[in-house]
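Novice: Here's the letter readout for the chains.
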Amino acid sequence: MGKPFDFVEMKLPAKSEYVGVLRLTVSGVANRLGFSYEDIEDLKVAVSEAITNAVKHAYFEEDQGEVTIGFGMYKDRLEVMVADYGDSFDLEKIKEDIGPYDREMPIDNMKEGGFGLFLIDALMDKVEINNNHGVVVLMTKYLHENEVGQNDDQISTTQ
Amino acid sequence: MNLHIDDYKDGDLYVLKLAGEIDAYTAPQLKEKLLELIKTEGIGVMVDLEKINYMDSTGLGVFISALKTANETNRSFKLINLQENVYRLFNITGLNEVMDIDNTIRGGK
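Which chain is which? The protein sequence lines are F and U, in order.
All letters in the first sequence, in the order written, are residues 1 to 159 by full-length UniProt numbering.
All letters in the second sequence, in the order written, are residues 1 to 109 by full-length UniProt numbering.
Honestly, the hints are just simulated from the structure, not real lab data.
Here a beta-carbon is modelled for each residue, glycine too, at the ideal position from N, C-alpha and C.
Watch out, some of these pointers could steer you wrong.
Unchecked claim - Covered stretches of chain F (in silico footprint by chain U; criterion: 3 or more residues with CB under 8 angstroms from a CB of chain U, positions within the stretch not fixed):
#1 7-21
#2 118-130
What the hints assert, rightly or not - Only pairs whose alpha carbons sit at most 30 angstroms apart, straight line, appear in this in silico BS3-like list of lysine-lysine:
#3 F:56 x U:9
#4 U:9 x F:15
#5 U:33 x U:68
#6 U:51 x F:56
With the sequences and hints as input, model every part of the structure.
Specialist: Have a look at this one:
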């Protein structure tokens, strides 16, 4: 029994040299799904912002570890997860752990990037953040944006 | 996935011609060069982004910092020839209201 979607996972050293490598990968994956040139540009920026945050985080911790990135390739959307630790994803588990946005919650970890999180939110259709063990950003872009409700465009964060 | 920086002097104005990508890896070298030029004598710096095909918030951060330094030292700071996807980031963040950006001479000589 195959899953209803393809899943691509990669680990990169938590170094800024690899931000561009991830961008090339996103480009390829999104192209595979049929995203437009403009959408691919948006995805490249959003995913770069997420890994840049993860790399900075690793840098400040002086733990030159790995960043794990997962691509959930669905018929109608691309889900990208960026985690600032090297463990493999359990896709379903991570989705269970990511809850709705709590307005009281400071998102201090992400603010280091300045406009980073703001851009992720602006360029993707849905963004969720989990701060439990390291930071996991789960972001979604739909192939046909107009089929998605406006209320999906929001940031969620849980701890 | 690199950034090439060329700089030359046009009268009292420094022109910085950039080519490539501005991201977390390349932004530090850009910031260093840019701040150094703004602080040297002259009326200011103009940055030509015509050949920048990718930029993210790390680039925005560098330009914000350059603008602040330029304001402090009474120099001009201007961005020209932004590609559409690059200009879009200034537009989304509202920085196009704060920065001196001139796209009108794109393609013209």
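Novice: Of the numbered hints stated earlier in the document, which are not met by this structure?
Specialist: Violated: hints 3 and 4.
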